[in-house]
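Colleague: Residues per chain, in single letters:
There are 2 protein chains.
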Amino acid sequence: MHGLIGKMTAAAGKRDELVAILLEGVHEMPGCLSYVVAHDPKDADAVWITEVWDSEASHKASLQLPAVRAAIARAMPLIAGFGEGATTVPVGGHGLG
Amino acid sequence: MHGLIGKMTAAAGKRDELVAILLEGVHEMPGCLSYVVAHDPKDADAVWITEVWDSEASHKASLQLPAVRAAIARAMPLIAGFGEGATTVPVGGHGLG
Chain A
84 MHGLIGKMTA
94 AAGKRDELVA
104 ILLEGVHEMP
114 GCLSYVVAHD
124 PKDADAVWIT
134 EVWDSEASHK
144 ASLQLPAVRA
154 AIARAMPLIA
164 GFGEGATTVP
174 VGGHGLG
Chain B
84 MHGLIGKMTA
94 AAGKRDELVA
104 ILLEGVHEMP
114 GCLSYVVAHD
124 PKDADAVWIT
134 EVWDSEASHK
144 ASLQLPAVRA
154 AIARAMPLIA
164 GFGEGATTVP
174 VGGHGLG
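Sequences listed follow chains A and B, in order.
At the far end of the first sequence sits residue 180, using the numbering used here, and the numbering has no gaps.
At the far end of the second sequence sits residue 180, using the numbering used here, and the numbering has no gaps.
Check each hint, because a few of them may be wrong.
Any copy, or any two copies together, can satisfy a pair, since identical chains are not distinguished.
Said to hold, decoys possible - With a straight-line cut-off of 20 Å between C-alpha atoms, the simulated EDC-like cross-links for lysine to aspartate or glutamate are:
#, residue 1, residue 2
1, K97, D128
2, K125, E139
3, K143, E100
4, K125, E167
5, K90, D123
6, K90, E167
No lab work stands behind these hints: they were computed from the structure.
On a predicted model such as this, the values are computed, not experimentally measured, just so you know.
Kindly generate the complete structure, drawing on both the sequences and the hints.
Modeller: What follows is the structure in structure tokens.
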């Protein structure tokens, strides 16, 4: 499996709008086993995204999906920056639908 | 919802043993919507855990479950240290069973 953990900072006041875009279509990405969007309670503009894919290839393929490309294009202007993150190799757990 | 992201370092050579303990019973924790254990591909001793609970109370209650307390007691000697982490407020996603 292929995992991603990342923090991004929305443009001021734009977190809700950004989160709404990030959550569009999360159930329709082939190979996506887990995709969680979360607020950072200490930073009103910060968003955490944790992802698990059945393979790195599935994740890369998702970035070519028309709906995902369109969502990224709409999201980018709402993103002020990217923070810490990690690429991981999930080995098991709960909620890996 | 209540989210946790954390990195821990296993004692040298003990990651597999630690991961096996961490994965025990992950399907039997009331209120746990997602619990993913992952290797850090850049550090042979490092483990990432990402969790989503329906509430902070459910997470705290899980730490009192006999099986979880026993697993923590067995895991602690295998943990060399704790790294970066974050507490989050998940707002949606996929795989939140």
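Colleague: Does each hint fit the structure? Answer for all of them.
Modeller: For each hint, the structure was consulted:
no.: 1; hint: K97 / D128; verdict: within (7 Å within a copy, 38 Å between copies)
no.: 2; hint: K125 / E139; verdict: between (31 Å within a copy, 16 Å between copies)
no.: 3; hint: K143 / E100; verdict: neither (24 Å within a copy, 31 Å between copies)
no.: 4; hint: K125 / E167; verdict: both (15 Å within a copy, 15 Å between copies)
no.: 5; hint: K90 / D123; verdict: both (9 Å within a copy, 17 Å between copies)
no.: 6; hint: K90 / E167; verdict: both (6 Å within a copy, 13 Å between copies)
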